[in-house]
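There are 2 protein chains.
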Amino acid sequence: MTPGTLYGVGLGPGDPDLVTRKAARLIGNARVIAYPALAGGDSFARAIAADLIPETAREIVMDVPMTQAREPAQAAYDAGAAAIAEALDSGADVVCLCEGDPFFYGSFMYLHARLADRYTVEVVPGVSSLTACAARAGLPLAARNERVTILPGPLPAEELARRIEGAESVAILKVGRHLAKLRGVIDRLGLLDRAVYVERATLPQERVCPLAEAPDNAPYFSMILVTKGADPWL
Amino acid sequence: MTPGTLYGVGLGPGDPDLVTRKAARLIGNARVIAYPALAGGDSFARAIAADLIPETAREIVMDVPMTQAREPAQAAYDAGAAAIAEALDSGADVVCLCEGDPFFYGSFMYLHARLADRYTVEVVPGVSSLTACAARAGLPLAARNERVTILPGPLPAEELARRIEGAESVAILKVGRHLAKLRGVIDRLGLLDRAVYVERATLPQERVCPLAEAPDNAPYFSMILVTKGADPWL
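In order, the protein sequences belong to chains Y and Z. Quick note on our numbering: the first sequence kicks off at 1 and runs consecutively. Quick note on our numbering: the second sequence kicks off at 1 and runs consecutively.
No wet-lab data here; the hints were simulated from the structure. Please note: incorrect hints may appear among the correct ones.
Stated by the list, open to error - Over the 12 Å line for every Cβ pair with chain Y, so calculated as not near, a few chain Z residues: (1) 44; (2) 60; (3) 70; (4) 82; (5) 134; (6) 159; (7) 189; (8) 192; (9) 204; (10) 212; (11) 217; (12) 228.
Unchecked claim - Here are the computed distance ranges between Cβ atoms for each label pair: (13) Z:158 to Y:50: 46 to 56 Å; (14) Y:119 to Z:158: 22 to 32 Å; (15) Y:144 to Z:145: 21 to 31 Å; (16) Z:2 to Y:203: 26 to 36 Å; (17) Z:68 to Y:138: 21 to 31 Å; (18) Z:1 to Y:212: 32 to 42 Å; (19) Y:144 to Z:204: 22 to 32 Å; (20) Y:79 to Z:145: 33 to 43 Å.
Quantities reported herein were computed from a predicted structural model and do not represent experimental measurements. We put the CB at the ideal spot given by N, CA and C, even for glycine.
For reference, chain Y alone in the conformation it holds in the complex:
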């Protein structure tokens, strides 16, 4: 029996219309799909792809607990990888649904690390939150020889300050409960008027506003963009 192929399929930032044609076709033809879900709760990835999933598809759900400790989440990926391996061994392809892009802060890399040495894995890139937020904010990220720095919000304030200073464009992901700290850092650098807050980009609940007006408690799916580039007119 030839084992199946594991597809890690990026679904884009949330609007189902931003799914690629390749991802749509793979999902529409899938016999087995897999995806992470908040333990006991919803799956954002499945919600994006909902209109594409065949009724007949078998669904492997990975219940990933949101804890500070890494072990519970890793145990969920261990179990998910085992279930996926079993399906692949039976000859079925498995389509793993990934919000955004599978390799850009995505949990698919945990499955990739567990399975890529034993099975054929194809990663289908998706529209990342990075460019989706820039599009929705109307802010070009980078032109010509400008540098872009991508920073996760949980980093310490001093490190954030040092790195924000050295780049023309900065995207800060995973803002969540770190918003007040991040706003303080950006304000002290004199960049508050160049900073935009984007929440749930491309979804119906999307919000785009100056960082100065952003809520102190941001959702996980939010981003801060700081663009310092010159006017690109010339």
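On the provided structure of chain Y, position chain Z as indicated by the hints.
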């Protein structure tokens, strides 16, 4: 007469299958499309979208010369913006085709700067070369609290070295004739065995290899990825 809307539509890295459903629909319904082309030559953006463009669509071609001086290219965008504005004023929507993502080192920002204050502009994000190259190389870009730095290849060697040292994942765009310089910088940092070269990702002529084996003269559409992150298994 209500003016039309200008759509800046990201087409992804090259494989027409990586066009989003939204981009495909906008192009398929377009009465007027616009795109850049190398002066007197081909348009990569048009080639990606070729199977979607209606035969009846009017095409506004911006012949952009590849010169060191900026003025000739800027004059091409001036002329393109004027032609697009005329179409918008007549009430037609205009779909501008953009390789990759419109706001990620894309030329659409030059049109955006010229037209966004006078017309409704919607940017439709696309799969960027960044995540497409990572997908094709099988290299996760970033997990958890890792930082990603995006650097254009033409930057001076000293600046590149300083910035590569400070990030876990580095993507170097616009490699082209800078490849030998970039390889030297990465080698001196002791990172040559962590560096992968990707050329024309997702196209039939795609090439992925260790940077050590990359050609000295790389095409413009090539990238170097350096990933220093720990094994993401745990």
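Give me the numbers of the hints this structure contradicts, sorted from smallest to largest. Of the numbered hints, 3, 5, 6, 14, 20 do not hold.
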